[in-house]
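If you want the building blocks of each chain, they are given just below.
2 protein chains.
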Amino acid sequence: MNINENFLKIQSSYLFSNIAKKVREFSEANPDADIIRLGIGDATRPLPEAVTAAMHRAVDEMGTLDGFRGYPPEYGYDFLLNAISENDFKARGINIGADEIFVSDGAKSDTGNIGDIFSNANTVAVCDPVYPVYVDTNVMCGRAGEAVNGKWSNVIYMPCTAQTGFLPELPAQKADLIYLCFPNNPTGMTIDKKNLQRWVDYANENGSVILYDAAYEAYISDPEIPHSIFELEGAKTCAIEFRSFSKTAGFTGVRCAYTIIPKELTFGGVSLNALWARRQATKFNGVSYITQRGAEAIYSPEGKPQVKAVIDYYKSNASTISEGLKSLGYEVYGGTNSPYVWLKAPDGMASWDFFDLLLNKVQVVGTPGSGFGPSGEGYFRLTGFGSAENTAKALERIARL
Amino acid sequence: MNINENFLKIQSSYLFSNIAKKVREFSEANPDADIIRLGIGDATRPLPEAVTAAMHRAVDEMGTLDGFRGYPPEYGYDFLLNAISENDFKARGINIGADEIFVSDGAKSDTGNIGDIFSNANTVAVCDPVYPVYVDTNVMCGRAGEAVNGKWSNVIYMPCTAQTGFLPELPAQKADLIYLCFPNNPTGMTIDKKNLQRWVDYANENGSVILYDAAYEAYISDPEIPHSIFELEGAKTCAIEFRSFSKTAGFTGVRCAYTIIPKELTFGGVSLNALWARRQATKFNGVSYITQRGAEAIYSPEGKPQVKAVIDYYKSNASTISEGLKSLGYEVYGGTNSPYVWLKAPDGMASWDFFDLLLNKVQVVGTPGSGFGPSGEGYFRLTGFGSAENTAKALERIARL
Chain A
1 MNINENFLKI
11 QSSYLFSNIA
21 KKVREFSEAN
31 PDADIIRLGI
41 GDATRPLPEA
51 VTAAMHRAVD
61 EMGTLDGFRG
71 YPPEYGYDFL
81 LNAISENDFK
91 ARGINIGADE
101 IFVSDGAKSD
111 TGNIGDIFSN
121 ANTVAVCDPV
131 YPVYVDTNVM
141 CGRAGEAVNG
151 KWSNVIYMPC
161 TAQTGFLPEL
171 PAQKADLIYL
181 CFPNNPTGMT
191 IDKKNLQRWV
201 DYANENGSVI
211 LYDAAYEAYI
221 SDPEIPHSIF
231 ELEGAKTCAI
241 EFRSFSKTAG
251 FTGVRCAYTI
261 IPKELTFGGV
271 SLNALWARRQ
281 ATKFNGVSYI
291 TQRGAEAIYS
301 PEGKPQVKAV
311 IDYYKSNAST
321 ISEGLKSLGY
331 EVYGGTNSPY
341 VWLKAPDGMA
351 SWDFFDLLLN
361 KVQVVGTPGS
371 GFGPSGEGYF
381 RLTGFGSAEN
391 TAKALERIAR
401 L
Chain B
1 MNINENFLKI
11 QSSYLFSNIA
21 KKVREFSEAN
31 PDADIIRLGI
41 GDATRPLPEA
51 VTAAMHRAVD
61 EMGTLDGFRG
71 YPPEYGYDFL
81 LNAISENDFK
91 ARGINIGADE
101 IFVSDGAKSD
111 TGNIGDIFSN
121 ANTVAVCDPV
131 YPVYVDTNVM
141 CGRAGEAVNG
151 KWSNVIYMPC
161 TAQTGFLPEL
171 PAQKADLIYL
181 CFPNNPTGMT
191 IDKKNLQRWV
201 DYANENGSVI
211 LYDAAYEAYI
221 SDPEIPHSIF
231 ELEGAKTCAI
241 EFRSFSKTAG
251 FTGVRCAYTI
261 IPKELTFGGV
271 SLNALWARRQ
281 ATKFNGVSYI
291 TQRGAEAIYS
301 PEGKPQVKAV
311 IDYYKSNAST
321 ISEGLKSLGY
331 EVYGGTNSPY
341 VWLKAPDGMA
351 SWDFFDLLLN
361 KVQVVGTPGS
371 GFGPSGEGYF
381 RLTGFGSAEN
391 TAKALERIAR
401 L
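Those sequence lines, one after another, are chains A and B. For the first sequence, the residue numbers in the working numbering are 1 to 401. For the second sequence, the residue numbers in the working numbering are 1 to 401.
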């Protein structure tokens, strides 16, 4: 028996594990320290009441003979598929049918597993800095090639730096699979329709597929910024979109997301919608009925304002960080239309040095930008997912630095 | 961009979809027909009260600031890992630690995704008949090779027929990855320690890995039959075991399962436990807190007898089918220590012909054995997952045939 040798190529530890280790060590050495964690992108506010009420009802149903539901439909219950289609798409003038939506247990699962339906010979393009899952999953299946000087031989890196306005530039080489994430993790930057249209046109001209991660779309308030790539002309023939309830309604601990694959998305007569349907029917067995009823409640008349209140809370924190740092003279990006704030470490410091400084001097934990890729070096990510009190307190502490 | 061409090799429709289509067509032509479905292996009894009570408490927690939980630990909460380790293993004298258990959303996901950590050059051995997911997931990644006369070129088929006592025989060729499922789906047959030991010894001698699907272990009452492959000498250096709460506690609609990879299971110094940990941390984000609290309750003093009552109910149905058919002169296998009954279609009929006969003449739906592999031809699967009333009624109808 032989293992998949590609697994040995990946670094064995993960960015957030390294952070956790450093924080743990500091805590052990300083047991009384009041550490404020603004590093990880995890929800902290309670589930909206409409969601918990719906889940209670669903639990009760599952405890009765008539209300019990066995295996869920592999792609989601109609009640949730229809709610998504109506509220997230038709309400914005986008025609996405229920049979173009695949409900799942998470956008991480979907962005990781989507590679199954593509040949390993494809060339992959990613932004730099980037959410590590896009790269690591391609390494695991061999599509990324070999590591050469800290980069993968079959991956095109698209630097997103101050020079490019933190947007990727169209690659000079032909890219087959292009991962884009807007509002961006980690930079918090957004893309407007005109710029995104260039990517759609590139993909259609080159026969590429855009893997569009819109997990943070709920944080967009600027009307010029598209919530979905399918707002763009021609996107249905070149794009797959990933959505998540994690950051929308605090579902990080509940696990529900969905992926859109339009019926028009075909290559050589083969429908990617049909390939993904086959993948999910074979290697996945659907999402809990209780979870799906909770997700449906997000779209209810009671649920909508409750969800909005949570998002506004996190956005207000992001704004506190962003405005506060600006007033202290930091170079700051993101933080509006996004829960993420991307800042330049002061005085040309390296990302991990700034991490250590914040942890050791003022007990604030963030995420070193270099953990997201070479172009993240010298940058740092803070998030709006803390409490308002701790966020304000963290800013006061940083001001003391 | 190129798709994964292996996907095109698989038949586009799935056994249970074909059955659903035939039943739908019959229903449409005979709208008043009272159809009894004993075909699919899905739970029908309500969730145990201890489970729903635990889930209600967890939903309430998630609705409070202090009780809210974000991203779950990728491999499961300690409370569930410890409950599994204690109750399913240590109580049986098997030492499986919490760090050898990976909680997931389903055994279908795990048996499908486990292939990620193995080289595609491995040779696969499966029983025939077999749960289709084992084969299809290997086809999708290219490991199964090419289809030649209805079989895959890189798959070793191990016939399980009346001649072999429905147990597989050790393959003459060297098999790298060996899928075994006991109590078996679809035949309902079990394996005793002496026979299973031969497989463990074979795997250790040949450097093979046994992928042991024990999803139906809760149906075992015979003390001679092992619940876990880790009851066998040497299994920790050659086996991975898949468990599920689906058929144990009716979690088909709730989605929770787990996989055991012992720390001792290494190849060339590489730990499969570590590879799977990496796979799950990268392409999966854990199971809902609410679901895991529900699963934990299965092991509580209140939960245990409630779960046993559900299993006894299904087992009683299986026994009704098995004993009833025997008294009618059918050749019948399984049905004890298993929810599945495997019967030979009468008069040398083909599986699908018997399916049509049962549907058209007495409106009983079962599963054609040929849908599970060539050696299933002429056989038929019925399950104990219906109601006791319908099961008894179905037997009366079959007696009229």
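Since the hints were made in silico from the structure, they are not lab data. Hints may contain errors.
[Said to hold, decoys possible] From the derived model, a few chain A residues whose C-beta atoms are all more than 12 Å from chain B: (1) A43; (2) A58; (3) S153; (4) D192; (5) E233; (6) R255; (7) T336.
[Claimed, not checked] Just the calculated beta-carbon pair ranges, DEER-fashion: (8) B:P301 x A:M349: 44 to 50 Å; (9) A:P301 x B:A91: 58 to 64 Å; (10) B:S27 x A:P301: 50 to 56 Å.
Even for Gly, the Cβ is constructed at its ideal location relative to N, Cα and C.
Structure versus earlier hints, numbers of those that do not hold, lowest first: Structure breaks hints 1, 2, 6, 8, 9 and 10.
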